[in-house]
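*Asks:* What follows is the residue order along each chain.
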Amino acid sequence: MPAVVSELPDAQLRHLIDHYEAAVSAKRRRAAVGAAVLVVMIAASAWMGEVDLLKLAENFWRFPSYFISIMPTLSFGTLWTDLADWLWGLNRWTGLLLDTLLIAYVGTLIGAIAGFVLCFLASANLVRSRTTVFVTRRFLEVCRTVPELVFALVFVLAFGLGPLPGVLAIAIHTTGALGKLFAEVVENIDDEPIDGVVASGGNWMEMVRFAVVPQVLSNFVSYALLRFEINVRGAAVMGFVGAGGIGQDLIEAVRKFYYTDVSAILMLIIVTVMTIDYCTEAVRHRLIGRESR
Amino acid sequence: MTDTRRALSFDDQTDIVRRFPEQFGIDWWRRGRLIGGLVVVVALFVFGLIRLEIPFDRLISGSIRLIKFTAMMLPPDPGSWAQAKIYLNAMGETIAIAFLGTLGGALLAFPVSFLAARNVVGSRVLQLVTRRGLDAVRGVDTLIWALIWVGVVGLGPFAGILAVMCSDFGTFGKLFSEAFEAADKRSIEGVKATGGSHVHSIRFGLLPQVIPILASQVLYYFESNTRSATIIGIVGAGGIGLQLAEQIRVLEWQKVSFLIVLIMIAVAAIDWLSGKLRFAIIGRRAVA
Numbered sequence: 001m002p003a004v005v006s007e008l009p010d011a012q013l014r015h016l017i018d019h020y021e022a023a024v025s026a027k028r029r030r031a032a033v034g035a036a037v038l039v040v041m042i043a044a045s046a047w048m049g050e051v052d053l054l055k056l057a058e059n060f061w062r063f064p065s066y067f068i069s070i071m072p073t074l075s076f077g078t079l080w081t082d083l084a085d086w087l088w089g090l091n092r093w094t095g096l097l098l099d100t101l102l103i104a105y106v107g108t109l110i111g112a113i114a115g116f117v118l119c120f121l122a123s124a125n126l127v128r129s130r131t132t133v134f135v136t137r138r139f140l141e142v143c144r145t146v147p148e149l150v151f152a153l154v155f156v157l158a159f160g161l162g163p164l165p166g167v168l169a170i171a172i173h174t175t176g177a178l179g180k181l182f183a184e185v186v187e188n189i190d191d192e193p194i195d196g197v198v199a200s201g202g203n204w205m206e207m208v209r210f211a212v213v214p215q216v217l218s219n220f221v222s223y224a225l226l227r228f229e230i231n232v233r234g235a236a237v238m239g240f241v242g243a244g245g246i247g248q249d250l251i252e253a254v255r256k257f258y259y260t261d262v263s264a265i266l267m268l269i270i271v272t273v274m275t276i277d278y279c280t281e282a283v284r285h286r287l288i289g290r291e292s293r
Numbered sequence: 001m002t003d004t005r006r007a008l009s010f011d012d013q014t015d016i017v018r019r020f021p022e023q024f025g026i027d028w029w030r031r032g033r034l035i036g037g038l039v040v041v042v043a044l045f046v047f048g049l050i051r052l053e054i055p056f057d058r059l060i061s062g063s064i065r066l067i068k069f070t071a072m073m074l075p076p077d078p079g080s081w082a083q084a085k086i087y088l089n090a091m092g093e094t095i096a097i098a099f100l101g102t103l104g105g106a107l108l109a110f111p112v113s114f115l116a117a118r119n120v121v122g123s124r125v126l127q128l129v130t131r132r133g134l135d136a137v138r139g140v141d142t143l144i145w146a147l148i149w150v151g152v153v154g155l156g157p158f159a160g161i162l163a164v165m166c167s168d169f170g171t172f173g174k175l176f177s178e179a180f181e182a183a184d185k186r187s188i189e190g191v192k193a194t195g196g197s198h199v200h201s202i203r204f205g206l207l208p209q210v211i212p213i214l215a216s217q218v219l220y221y222f223e224s225n226t227r228s229a230t231i232i233g234i235v236g237a238g239g240i241g242l243q244l245a246e247q248i249r250v251l252e253w254q255k256v257s258f259l260i261v262l263i264m265i266a267v268a269a270i271d272w273l274s275g276k277l278r279f280a281i282i283g284r285r286a287v288a
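Residue numbers (the working numbering), protein chains in the order written: chain A, 1 to 293; chain B, 1 to 288.
Everything labelled a hint here was simulated from the structure, so no lab data went into it. These figures come from a predicted structure and were not determined experimentally. Treat the hints with care, since some could be wrong.
Derived BS3-like pairs: lysine-lysine, alpha-carbon spacing no greater than 27 Å straight-line [what the hints assert, rightly or not]: (1) A:Lys180 with B:Lys276; (2) B:Lys174 with A:Lys180; (3) B:Lys174 with B:Lys185; (4) B:Lys174 with A:Lys27; (5) B:Lys174 with B:Lys68; (6) A:Lys55 with A:Lys180.
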């Protein structure tokens, strides 16, 4: 059987080809405009941000050399004493790391509880009054948008140096972040249990307790764990402004050029953060897995 | 009417209890686990309070001081027009840091993320090593990167850009490679089945699927980096954080509140803009 290729009449073909080319060139034009906007934005930000590639090229050697200089000298023959030498402050540092973790933990817990309470007021499907929802949402937004380090700076002035301002700063930021996430979860729930509780005569508190909380709790815990992970990183730098934890020692070591201390503290922070990441991820997978089953 | 119905259901109660004992009996195993978990949570909390030596007496005096500070913040006032211009310039710097840092981080992470994706690179060892490397880069906070880069290129926003770039490199590397791993295998196999090489299968089978996802992630991080770029000035890496930290330290509360309002407006604007762009790129449904 000979292959027969059916061809359209020229006029129709012409029409289709024109359409195709118009579509392609419209897409090209859009891509070109997008690229031009991007280039202009890059140029403007490079000018604003004082980007100086020459300076970078000139000084780039300092970047690897910094890492080389903070590396401890470890040799196989005297590995044990070298390690002991490098980690000379291990007792103090693990103590400070424990402080950092506890700052993150206490702050996250306070923030999660506050977010838990506020999220129901910020959910449009549970609260009749628009004003309550609006005010709560704006409050959460303020808590979330102001960086926690700024809160910490202000709190250091109000409460004095130490972990307290760090804990409070993390708690407030967490309230804002978790309150918003929780409210989004609550707004996506199934309405039928709510109708059920209301129909059988439950008041607002009972409605939240028996119709909403059981649906959202595992999601809430998963989000709170994720936040804890983020807050551990945040707490590690709280010390930069005097709000407790390991950050204080780190910034001192960097500023005073105690090179090997920098690498020792950094390594401890990285190991801690990674361990926390692994643990929370494992727990979160179990939580979410249980929910979807 | 309702009363009779209620009375009826209570009459049935004994029968219902007998038929569904597990619904009415107390599951001691579950309850025990719940109580145990709560005890651990509370115990850790109390341990934290004790170990951190939270000074409760200072809590009250500090709160009073805080209220005074807040009162002094009103109304927000930059002082003079010249001062306001300096602040606006600093805000521009912050946005530039966030923009270039995010973009640079994404560009650096893009090639590396291929190495970290299990379905692209054959070697499991290479993939694991890349992943752990990215984790290490991510474990270092942006503020610490800023400290390091200030030492390399000196004070100023350029150090901030490089710092954001570094920490975003770690984040994007992980996110991108996860997007690669989650991609649909069939289109990759389709390209291979028609005779394409491994590179072809990535270029025509994998990339068209994931590019919108990557673009949306980059936009999302642009927004969140605007927040973090507002503080890296605290260690001297440019932007509005420098001004903010200075004004807080000299207790110029009206200027502080002006700066905070400025930050909030900028973040809200970028939030709105990047949300619009994300929806335009991947469609409204895919985000939710």
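*Asks:* Taking the hints in turn, state whether each one holds.
*Replies:* Status of each hint after checking the structure:
With a C-alpha separation of about 19 Å, the suggested pair Lys180 (chain A) and Lys276 (chain B) falls inside the 27 Å cut-off, and the hint holds. Proposed proximity of Lys174 (chain B) and Lys180 (chain A) is supported: the alpha carbons are some 25 Å apart, at most 27 Å. The straight-line distance between the Cα atoms of Lys174 (chain B) and Lys185 (chain B) is roughly 19 Å, inside the 27 Å bound, and the hint therefore holds. Among the hinted pairs, Lys174 (chain B) with Lys27 (chain A) is inconsistent with the structure: their alpha-carbon atoms are about 31 Å apart, more than 27 Å.
In summary, the hint linking Lys174 (chain B) to Lys68 (chain B) is not supported, as the alpha carbons are separated by about 45 Å, beyond the 27 Å threshold. A C-alpha spacing of about 43 Å is found between Lys55 (chain A) and Lys180 (chain A), which places the hinted pair above 27 Å, so the restraint is violated.
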